[in-house]
Amino acid sequence: MKPDNSPRATGAERARGAGSGGPSGWSWGWFRGHRMNVAALSPERYARMILSTSRVPFLQVVKTSAAAILAWIATAPLLAGQIPIFAVIAAILVVQPSVNQSLGKALERCVGVVIGVVLAYFVGLLFGANSWAVLLAVIVSLVLAWALRLGPTSSVQIPISAMLVLSLGSTTPGYAFNRILETIIGALIGVGVNLLIVPPVALQPVHEAVTRLGEEVAGILDSLARILSSPTTANERTAMLVEARLLTPMRAKAAAALAAGEESLKYNPRRSVHRDLLEADGTLLAMLTILVTRVVAMARGVVDHYDESLPDEPLVAEIVAELRRASHDLRLVIQSADLPGAAEPLVPVLDDLPALTAPLTIARPSSEHWVLLGFLLEDLRRIHEELVDATDELPAR
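Counting in the working numbering, the sequence shown runs from 60 upward without gaps.
Hints listed in this document are in silico derivations from the structure and should not be mistaken for laboratory results.
Bear in mind that the values here come from a model prediction, so they are computed numbers and not experimental data.
The C-beta atom is built at its ideal place from N, Cα and C for all residues, glycine as well.
Any given hint could be a false lead.
[Stated by the list, open to error] With a straight-line Cα cutoff of 35 Å, these simulated DSBU-like cross-link-like pairs (lysine-lysine) come out: (1) K122 - K325; (2) K312 - K122; (3) K312 - K325.
[Said to hold, decoys possible] Derived Cβ-Cβ restraints for the label pairs, each shown as a range: (4) Y180 - P328: 34 to 42 Å; (5) F236 - I151: 15 to 23 Å; (6) V447 - A339: 34 to 42 Å; (7) A293 - F117: 48 to 56 Å; (8) I109 - T297: 36 to 44 Å; (9) A298 - P370: 12 to 20 Å; (10) P136 - V115: 48 to 56 Å; (11) P308 - P136: 51 to 59 Å; (12) G233 - S190: 21 to 29 Å; (13) V120 - V447: 47 to 55 Å; (14) G233 - T348: 51 to 59 Å; (15) D335 - G233: 47 to 55 Å; (16) A319 - I256: 36 to 44 Å.
Throw the hints in and build the complete structure from the sequences for me.
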């Protein structure tokens with residue numbers, strides 16, 4: 060039997076050749092695949108790409124409109140009949156969600172415009188009014204912004220300003236100076252409007268995120284107590300572990316909200332009114348960060364080392380009682396913080412006195428479960444310390 064030396068089609072070739080309509084290589088399979096890709100690019104998908112899931116506050120729209128109007132009124136008499144386009148653009152771009160961001164945008168835009176105009180002047184002086192000098196100025200601007208490590212706003216503004224000055228400056232007298240003047244006035248007006256008209260304070264997302272995180276940590280403590288006190292299935296324990304692991308992204312979200320809140324108070328005239336609330340959020344989040352680490356580790360240990368005889372261990376009953384006390388005191392701390400606008404707790408605290416009043420005693424577990432129980436007791440000791448310190452700071456009732 061002679062060996063088969065004929066060329067064989069690869070898997071990809073056989074897939075392309077399936078249903079082939081002829082020697083040209085076209086196939087119905089190819090057509091169906093591309094038709095499916097075209098169908099996937101539906102108008103709904105494009106709408107999701109350009110639409111946001113949330114709106115900016117309407118107050119932001121009002122403030123931006125006011126800044127644009129004031130910039131137009133302030134610069135129009137200075138431009139000898141020219142339309143103050145760049146003043147309006149600067150005012151619109153500078154009105155940001157926080158005063159600190161507005162100052163940063165104003166500085167970046169003004170620096171970008173000044174550098175772009177100066178660069179265009181030197182390029183025009185060296186190479187004249189040649190059309191290719193505009194492209195050269197754009198390239199040099201991009202390289203210069205990269206070399207100076209400027210931010211995105213300045214990096215874009217430099218080549219735009221240089222290009223406009225070289226292309227329009229030769230036909231419009233005083234164009235370069237007017238562009239700098241417009242931009243500075245518009246940026247100052249944008250900062251002033253954002254500073255004087257109800258400066259934004261992003262504290263409500265912080266309150267909600269911290270409160271929600273505290274409720275979820277308390278819920279995981281209750282779930283651990285339930286799993287350790289009675290027989291459970293593997294699915295129930297796995298579900299508890301999944302919920303515990305979700306605490307980590309929740310903590311990151313709360314930390315991001317706290318950072319945004321701190322930024323919203325920088326250079327804000329209302330910062331003295333809200334500083335204490337934000338500090339309370341930061342203190343709670345620092346405590347919850349430690350609790351999240353401990354609770355996730357405890358959930359993982361219980362799932363990995365659980366067996367049916369664990370609830371019968373004498374020491375487990377003490378651990379369960381401690382978990383329930385910790386859950387109670389954590390909810391008490393969160394509710395006593397009285398963060399304004401925070402959601403109502405899912406599990407209200409009926410007893411407003413701390414439950415973790417006795418020192419945590421550590422007994423010797425049996426040899427069969429000593430690793431898991433010792434691990435749980437050490438984590439409980441740290442949780443106990445954090446919550447006792449927090450409840451000691453609660454006002455007297």
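* For the pair supplied as a hint, K122 and K325, is the alpha-carbon distance within the 35 Å limit? -> holds, 19 Å
**Prompt:** Has the hinted range 47 to 55 Å been met by the Cβ atoms of V120 and V447?
**Reply:** Once the Cβ atoms are compared, 48 Å apart, the range 47 to 55 Å for V447 and V120 holds.
Q.
I want to verify a distance hint. Is the separation of the beta carbons of Y180 and P328 within 34 to 42 Å?
A. holds, 39 Å
Holds or violated: the 47 to 55 Å window for the beta-carbon distance between D335 and G233?
Check passed, 52 Å falls within 47 to 55 Å.
Looking only at beta-carbon atoms, does the pair I109, T297 fall within the given range of 36 to 44 Å? holds, 39 Å
Holds or violated: K312 and K122, Cα atoms, limit 35 Å. holds, 28 Å
Is it true that G233 and T348 lie within 51 to 59 Å of each other by Cβ?
holds, 57 Å
Range hint 36 to 44 Å: satisfied by the CB atoms of A319 and I256? violated, 20 Å
* **Whether the CB-CB distance between P136 and V115 falls inside 48 to 56 Å** => Violated, at about 31 Å.
Q.
A range of 15 to 23 Å was offered for this pair. Does it hold for the Cβ distance of F236 and I151?
A. holds, 22 Å
- prompt: Hey, K312 versus K325, does the alpha-carbon distance stay inside 35 Å?
  reply: holds, 21 Å
Q. For the pair A298 and P370, does the Cβ-Cβ distance stay inside 12 to 20 Å?
A. holds, 18 Å
This entry does not satisfy hints 6, 10, 16, going by the numbered hints stated previously.
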